[in-house]
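Chemist: Each chain, letter by letter, is given below.
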Amino acid sequence: MSKPLLSFQRVTYRYPGADAPALDDVSFDIHPGEFCLLAGLSGHGKSTLLRAACGLVPHFDGGRFAGHVTLAGLDTREHGPARLGALVGVLFQDPETQLVMSSVRAELALALESRGNGAAAVARGVEEVALALGIDSLLDRSTHELSGGEKQRVALGAALAGKPRMVLLDEPTSQLDPVAGDELIGLLRRLNQEWETTILLAEHRLERCLTAADRVIALERGRVACDGDPQSFLTWAGERVPALQTPGAKLFSLAGLHPPPVGVRAARATLRLNGLLPEQDGPVDVDGGNPDGHDLAPRPKRRRRRVGNERLALSIRGIWHELRDGPAILRGVTLGLAPGDSIALMGRNGAGKSTLLRHAAGLLEPTRGRVERAGRVALLLQNPSDYFIHERVGEEASAEALEAVGLAGMAARNPRDLSGGERQRLALAIVTGAASDSQDGPPAVLALDEPTRGMDRETKAELAAELRRRAREGQAVIVATHDPEFAAACARRALLLADGRVIADGPASELLAGGWYFATETARILSGSGGALLPQEGAELLRARAALLHPPAPAEVVL
Amino acid sequence: MKPAMGMTLFYRRIASPLHAARAGAGAAWALSLTAATLILFHPIVLLALLAGVLGAAAGAGVRRAVARSLRTALIVALPIVLINVLVSREGLTVFARLGDLGPFGQGDLTLEALVYGAVIALKVTLLILVTTLAGLSIDPDELLRVFRRLSFRSALTASLATRMLPVLAADSQRLAEAQRTRSSGAPSGARARVALLGAMIGGSLDRAMDVAATLEVRGFAGARRAPRVTRPFSRHDMAFSASATAILALALAGRLTGAASFNAYPSLRMPTGAGTLTLCAALIAATLLPFWDRRGIEP
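Respectively, the protein sequence lines represent chains A and B.
With the first letter of the first sequence counted as 1, position 296 gets the number 295 in numbering that gives the first Met the number 0; the numbers rise by one all the way through.
With the first letter of the second sequence counted as 1, position 126 gets the number 125 in numbering that gives the first Met the number 0; the numbers rise by one all the way through.
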């Protein structure tokens with residue numbers, strides 16, 4: 000076997016002032032050309048491991064470091080990130096902090112220039128990486144006017160410009176819509192296959208990238224808990240950390256099927272083999288009904304709502320948001336939310352989701368159209384940290400509001416020391432408040448803008464449960480999200496926005512079941528059959544189907 | 000509340016001859032306008048220069064942003080006129096008497112002080128507009144690249160600062176929005192403002208750490224001098240270079256020949272003959288001619 004490109008040997012690392020180590024006796028080798036996925040819950044050491052691989056730990060972050068990390072034979076104790084930068088490209092989560100120049104061309108050229116390449120080599124390197132990533136049309140654009148997906152591609156281009164042997168990526172798709180996220184993973188796969196670039200990718204949405212990976216390393220409390228191929232990782236996750244299971248694997252596990260599928264294709268192959276795939280009987284009914292005539296799962300009835308005919312918590316009538324000398328961000332959007340409604344707002348980056356929520360909350364005023372609110376609209380913006388201005392949790396929100404989100408015992412802590420999920424709950428307490436905090440009482444509508452960015456599955460499930468609880472209590476909930484699994488878990492109705500227009504509006508069980516991108520993995524595996532979106536619903540459907548195909552033998556009669 | 004404006008206050012590559020010119024030529028052209036503003040005092044010639052700059056802003060596609068800058072400039076300029084009228088004791092043409100002002104002497108307001116104040120205000124306005132026009136139309140990365148050959152790190156730091164301006168502006172807008180959505184309303188009072196400022200500084204430091212980490216892995220610590228880049232002069236490079244030379248030459252000629260001479264005190268003296276008017280026309284033409292040719296300006 001070839002010599003490892005990246006090697007961790009008994010690495011233990013503790014951040015300055017931390018009680019517990021972020022990495023604990025970590026050892027593994029990664030060989031040239033491998034596509035390796037790094038899995039684990041939030042705070043279990045994925046980002047730290049990536050920082051250690053490129054030398055930022057310990058050279059940039061400080062702390063106590065034991066063991067050895069070698070990259071292409073260079074020990075990171077002796078060689079800092081600048082030297083290692085020629086061998087490894089790094090892409091962090093937030094593209095905004097990775098673009099340091101004002102134009103795309105200058106951004107791509109910077110790494111090449113700073114390594115002393117000549118003008119011709121710089122120009123050629125820029126041209127080649129731009130063509131390889133399909134960003135040649137962006138070369139003369141300003142970096143601050145790019146979309147999130149474009150920024151992430153440019154940042155990847157900057158990391159790849161020097162043709163590094165390895166690329167480290169820390170949740171690069173967390174801020175991208177499903178289309179841009181899939182494109183990025185496809186691009187990484189192509190780089191891996193065509194250039195033999197070694198990839199080490201940390202990601203929460205494993206279902207998006209598991210099929211591309213050769214190997215998965217799972218971290219648990221800073222230790223390597225599993226290191227194997229995707230199939231064995233899923234088996235391990237099913238037994239040890241169900242929160243790391245992909246929806247497809249969970250579907251199989253709940254339905255009692257084996258082995259856990261690595262992707263949609265593998266899942267469908269297994270179902271087909273067992274005669275459980277609905278499309279075997281003919282084309283799938285686009286309305287969600289089963290083609291063989293059996294309705295295997297109850298379909299929620301479409302609730303047509305005419306805006307203005309009933310008491311609504313929020314009524315948006317034909318609103319436009321047109322920029323002076325610029326495009327129209329919203330084009331005649333009409334939407335009504337009754338108390339207790341839960342709506343998922345989906346669409347690509349730049350479709351107008353965030354703008355619509357800002358109009359709902361009164362942060363923006365439409366250029367045409369009208370917004371009517373039955374009460375306060377609480378808007379939770381994308382970054383919970385933006386809300387924190389005090390040193391103590393208790394100063395940020397009232398005791399009653401903290402109690403409502405389960406943070407009553409944390410009043411004395413610093414908001415910035417909270418975990419991702421706790422931060423989100425504190426921000427929720429700040430925007431919703433308690434009944435006594437506001438003259439208007441509790442909010443009639445709760446609007447959330449991309450609340451699951453960078454969250455692991457466990458934390459997302461907690462947030463979805465909280466939103467369902469609020470909807471049950473009569474609050475109207477509207478969530479803008481790129482995550483179909485989260486949308487399915489928390490919303491009964493879904494809206495698809497494109498280019499500022501509502502292009503689809505219907506029950507989540509229909510809308511999230513019929514697409515390629517805006518569909519859950521369960522729905523894609525089952526071809527949207529029976530409107531099953533979540534693994535539990537899908538497993539029920541499969542069990543019912545299995546019962547139809549193989550009815551239990553009649554009880555033996557003893558004469 | 001008004002809908003967000005679609006206007007940017009930072010450099011953005013758009014289809015205009017000035018954006019299409021290399022940063023060096025654009026900067027030379029802006030510097031020549033700055034030099035002309037500093038050299039010339041004749042109010043009519045300065046007004047001609049103002050007309051040229053506003054026309055150039057329209058030609059560069061940044062008319063609205065420059066118009067907004069003009070409003071800001073007027074807020075700065077008006078006090079200059081008022082202060083000069085009130086404090087200057089020179090000039091013979093008294094148009095208002097405020098009487099005895101004690102230790103400040105007689106409060107006589109003169110026409111000469113008014114006109115001189117207006118000239119200074121006009122110069123300040125021009126400097127603000129030229130800076131805005133240059134900031135919106137000249138690629139800062141390309142410009143700072145020239146300096147990176149002299150001092151890589153200083154120039155890169157300047158590039159970074161330029162890049163971070165819109166990012167920090169967006170950050171502060173995001174923070175302000177978040178505070179507006181608090182259930183208790185946006186925090187008010189001195190203590191809350193201090194807390195908010197602390198949060199903003201904390202956020203900026205976090206961002207600075209992330210950017211520093213990015214620079215570190217891109218090899219900033221071992222950075223070397225940027226390579227020299229040679230590329231052929233485009234028609235726009237040549238047009239703006241020629242325009243810069245012409246503007247500077249005209250300003251110097253106006254000063255040396257007396258066509259643009261101006262004395263405010265003790266009484267107003269300024270030529271308004273054919274020479275001055277020709278100079279005005281020539282300055283406007285020299286400023287605007289590079290915008291005439293719009294071939295090959297698409298980004």
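Hints listed in this document are in silico derivations from the structure and should not be mistaken for laboratory results.
Some clues are possibly wrong.
A few chain A residues facing chain B, derived, Cβ under 10 Å [stated by the list, open to error]: (1) Phe-91; (2) Met-100; (3) Gly-420.
Here are the simulated lysine to any residue pairs, SDA-like style, with alpha carbons at most 25 Å apart [what the hints assert, rightly or not]: (4) A:Lys-162 x B:Ser-87; (5) A:Lys-162 x B:Val-228; (6) A:Lys-162 x B:Phe-151; (7) A:Lys-162 x B:Pro-226; (8) B:Lys-122 x B:Phe-151; (9) A:Lys-162 x A:Leu-86; (10) A:Lys-162 x B:Glu-141.
Every residue gets a Cβ at the ideal spot worked out from N, C-alpha and C, and that includes glycine.
Chemist: Does the structure keep Lys-122 of chain B and Phe-151 of chain B at a Cα separation of 25 Å or less?
Modeler: Judged against 25 Å, a Cα distance of about 34 Å means the pair is violated.
Chemist: Taking only the CA atoms, is the gap from Lys-162 of chain A to Pro-226 of chain B under or equal to 25 Å?
Modeler: 19 Å, holds
Chemist: Can you confirm whether the C-alpha distance between Lys-162 of chain A and Glu-141 of chain B stays at or below 25 Å?
Modeler: 24 Å, holds
Chemist: Has the given pair, Lys-162 of chain A with Ser-87 of chain B, been kept, meaning a C-alpha gap of at most 25 Å?
Modeler: 67 Å, violated
Chemist: May I ask you to test the interface hint for Phe-91 of chain A with respect to chain B, counting a Cβ-Cβ separation under 10 Å as satisfied?
Modeler: Interface hint status for Phe-91 of chain A: holds (7 Å vs cutoff 10 Å).
Chemist: So, as I understand it, the hint says Gly-420 of chain A touches chain B; can you test that by seeing if any CB pair is closer than 10 Å?
Modeler: It is violated, given that the least Cβ distance between Gly-420 of chain A and chain B is near 18 Å, above 10 Å.
Chemist: Would the hint linking Lys-162 of chain A and Phe-151 of chain B be met if the CA-CA limit is 25 Å?
Modeler: With Cα atoms ~23 Å apart, Lys-162 of chain A and Phe-151 of chain B stay inside 25 Å; holds.
Chemist: Check the hint pairing Lys-162 of chain A with Leu-86 of chain A against an upper bound of 25 Å on the C-alpha distance.
Modeler: 8 Å, holds
Chemist: Measuring from the C-beta of Met-100 of chain A to each C-beta in chain B, is the shortest one below 10 Å?
Modeler: 5 Å, holds
Chemist: Take the C-alpha atoms of Lys-162 of chain A and Val-228 of chain B, compute the straight-line distance between them, and say whether it is at most 25 Å.
Modeler: Since the Cα atoms of Lys-162 of chain A and Val-228 of chain B sit roughly 22 Å apart, the hinted pair holds (cutoff 25 Å).
The structure fails to meet hints 3, 4, 8 from the earlier list, while all remaining hints are met.
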